[in-house]
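Chains A and B supply the protein sequences, listed in that same order.
Sequential numbering from 1 applies to the first sequence in the numbering used here.
Sequential numbering from 1001 applies to the second sequence in the numbering used here.
These aren't lab readings, by the way, just hints derived from the structure by calculation.
Computed from a predicted structure; not experimentally measured.
Cβ coordinates follow ideal geometry from the N, Cα and C atoms, glycine included.
Just so you know, not all the hints are guaranteed correct.
Said to hold, decoys possible - Here are the computed distance ranges between Cβ atoms for each label pair:
#, chain 1, residue 1, chain 2, residue 2, range
1, A, 206, B, 1111, 38 to 48 Å
2, A, 48, B, 1224, 22 to 32 Å
3, A, 57, B, 1111, 27 to 37 Å
4, B, 1100, A, 147, 52 to 62 Å
5, B, 1358, A, 184, 41 to 51 Å
Stated by the list, open to error - Under 8 Å between C-beta atoms, here's a sample of chain A residues computed to sit facing chain B:
#, residue
6, 4
7, 7
8, 38
9, 39
10, 41
11, 62
12, 63
13, 65
14, 66
15, 76
16, 474
17, 481
Claimed, not checked - Reference listing, derived: stretches of chain A covered by chain B, where coverage requires no fewer than 3 residues with Cβ under 8 Å from a Cβ of chain B:
#, stretch
18, 98 to 104
19, 161 to 172
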Amino acid sequence: MTIAFDRQSAVPAHWELLPFRFHALDPTTTLLTNLVGEQVCVNPYQLTEIVDGTCTDEALLAELRAKHIIRGFGERTSAELLAMKLRTRMRRLPDSTGLHIFVVTLRCEHTCKYCQVSRQPTSGARYDMTVQHAERALDIVFRSPSPRLKIEFQGGEPLLNFAIIQHIVTAARARNVGPTRDLSFVIASNLALLSDEILDYCKREGIYLSTSLDGPPDLHTRNRPRPGNDSWQRTVDGIGSAQRALGVDHVSALMTTTEGSLGRVREIIDQYRSLGVLNIFLRPISPYGFALRRRGGGNYGVEAWLKFYEEGLDYIFELNAAGTLMVETYAVIIAKKMFSNEDPGYVDLTSPAGIGLSALVYNYDGAVYASDEGRMLAEMGDHTFRLGHLDTDTYEDIMLSDALLSPLEQSITTSAPMCSTCAFEPYCGSDPVFHHATMGDAVGVKPLSAFCQRNMGVFTLLLRKYRDDPGARAVLRKWAHR
Amino acid sequence: MIVVNGRVVPHNLRTALPTDVWRVTDGSELDPPLPAAVLQRSTDGKVRLHLPNTRQGSEASAAGVVLDVPTSLDHVSVGDLIGISPDGTRLTVLWKASAQHNGLLLTERCDNYCIMCSQPPKVRDDDWLYERALQVIDLLPTSTPEVGLTGGEPTLNQDALLRLLTRLRDKLPNTEVHLLSNGRAFSKPDFSRRYAAVDHPGLMVGIPLYAPESSLHDFIVQAVGAFDETIRGILNLATLGQRIELRVVVQRQNVAVLARLADFVARNLPFVEQVALMGLEMTGFARSNSDEVWIDPVSYREELREATEILIDSQIRVRIYNHQLCVLDRALWPVAVRSISDWKAGYIDTCQSCALIEQCGGVFTTSGARVSKHLHALSAP
């Protein structure tokens, strides 16, 4: 006889709860998430028994032990593993501010209806960033501890002030000495003004191009008017020549969902696919700038957007099953937070919030903002997220300003009301700018928050796909580790 | 399958042999130093080993000891290391130069008592095995690609193991060293530190993990508290930057949680270098506990595929050991390895007409008839 004891004898006689949170997905399914967001689904009756300590379902208890929701009395590993996972999740925090946005001009030749920025006509150098401000901004960029520094040129249309882009690239490279950082550059452009000279320069300097593409011609042109009504053609041509000159991986595109997009997600995705852009970010419209106007394109509710998003995601899963490795960026960010220990630190979905810590914005006029949205609010007359000015303020002044620290501290999800007890907290983040813009304070009232409603909708959707659809599960798993 | 143990007949032997580990040579060196055993093949195919440096004084033995080697052991070749009992009557092949994998058995003692153990532990003092392993290491060429260290549980004698690893570092720094351990000893930070301090660049430890939580793992290894210690050992090793392989023996008890185990590894132990999903060797305890342990690989194809995909999707390297291609999902063929050691690998009659016999690792001859009932010949793909 070589089996000295049976299965039951190896089961811990007593167990205790580890920190976990729960959420009713439907009347018979309750989601439990542990400290780092690992999931187990039970029914409400089982939840009661788990909390009471009366559960005797050994298979369930084994699953709860494996997922670190309970632990056997005296077991040490679960706490150590949880601590390790939490450390992994938080490890990016000391390396703050990897993204630095330079608004090199406010001039633009487009008149997009949802534009978040108050654009200016194409003449008039007083809306351009000066060399002095660019140099001062670089002082701050290189004070940031992050080992990866990404400098993103925005506008307006940044190509209208190409000279300052070249100046900043050269100056930044010259400063990247000593302990060098992984330095990269992105130009966010409508590509309408792309020339061979610009492409040659981007190729030489390894610069990435990011553009806006809302979908098929009629939709894109309606959303993004420009003289001649040729914005779609120019963008598509620009993507093509940029892909040829720089390589497919150096060109990306972003879409904004407007009322006109609803019901057309397959066409939009196919538009991306036909251009060989296999990365799409199905973004809802932001409640800033012109988007808030009646004809700004944002007159649809969260439910309508979630339906649009689900249709898009289903189509992308379909494409993946058929061998086209299309990716939806928002789902990738959330999949990482759900199914790995990594927090990508995405500006709008991380806690502490991404303002300042993930990104800083240097405006054309020398003002420094905590985020792109913070700058947009300022264009609308609300200067809450203006952290300082390049003429007068140092790195310390900006990073230690009340304008940054106070909203950061108030909005941390592990302590914010209704976030701290939410089962989705590990997947979510805080967006103090959104809540300030829509509700007047950095935290907001979560049951009324469109941010909360939209993200809860996405989390529930992704978990449902993961649970019920093996194909979607495999895709989400791959996304979580890409 | 090749035989590694057998009786030999000594000639000219008066007193006990001066050493027990010998290097087989071709006799081209004049007067080769101890412990050379010169291989001689006569025209009639008979194989003899001549031990020229064992002259024992008298006229009759001036040429040294000669051993008659039986047919079963006539595969012995130049470069092999062999053990010869002091009385010259038993020969053990310790190192087969032509083999892919060579393992040195360091002990037969163990603090786990796994229900599917193919080499049941023995409770006896066998520290001489470490000494013999040291002798083998001293005789191996520096070009040796890989050395396996097995037990039993090699960490039970910590000092002897560390001495051996240090010797490997000094003598064979370019060799891959693969240690098999249940990992429990590494839960002691002090031992982990001493192990890491040896700093052999090719050292990796293979640690078995059978379930994602304590109750099933502890049952399978028949030791309460083992899971806790093994996991803490793995964490200590990872903190010290040590290379780790996880070894999962797939068996009746853990088939149902295989995917969950893969999830657990991906989430909690993502730093491991490789996960090996292994088929049963139906001998030892596995044979006596056959009812609890055996499950036909055909009936867990789905679970094995899912676990493998979870690990691959999570960017963790996976290898499948001891499974025949004909019972594996085709999607898993790229990660299937011919892992069964030469001396216990074989093929059943059905295999003879299989077009993929060359690519397939075959079955454990030690498993006897306890192999999948669904083995079948495959046609060329």
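> Where does the structure disagree with the numbered hints, that is, which hint numbers, in rising order?
Replying inline: 1, 4, 9, 10, 18, 19
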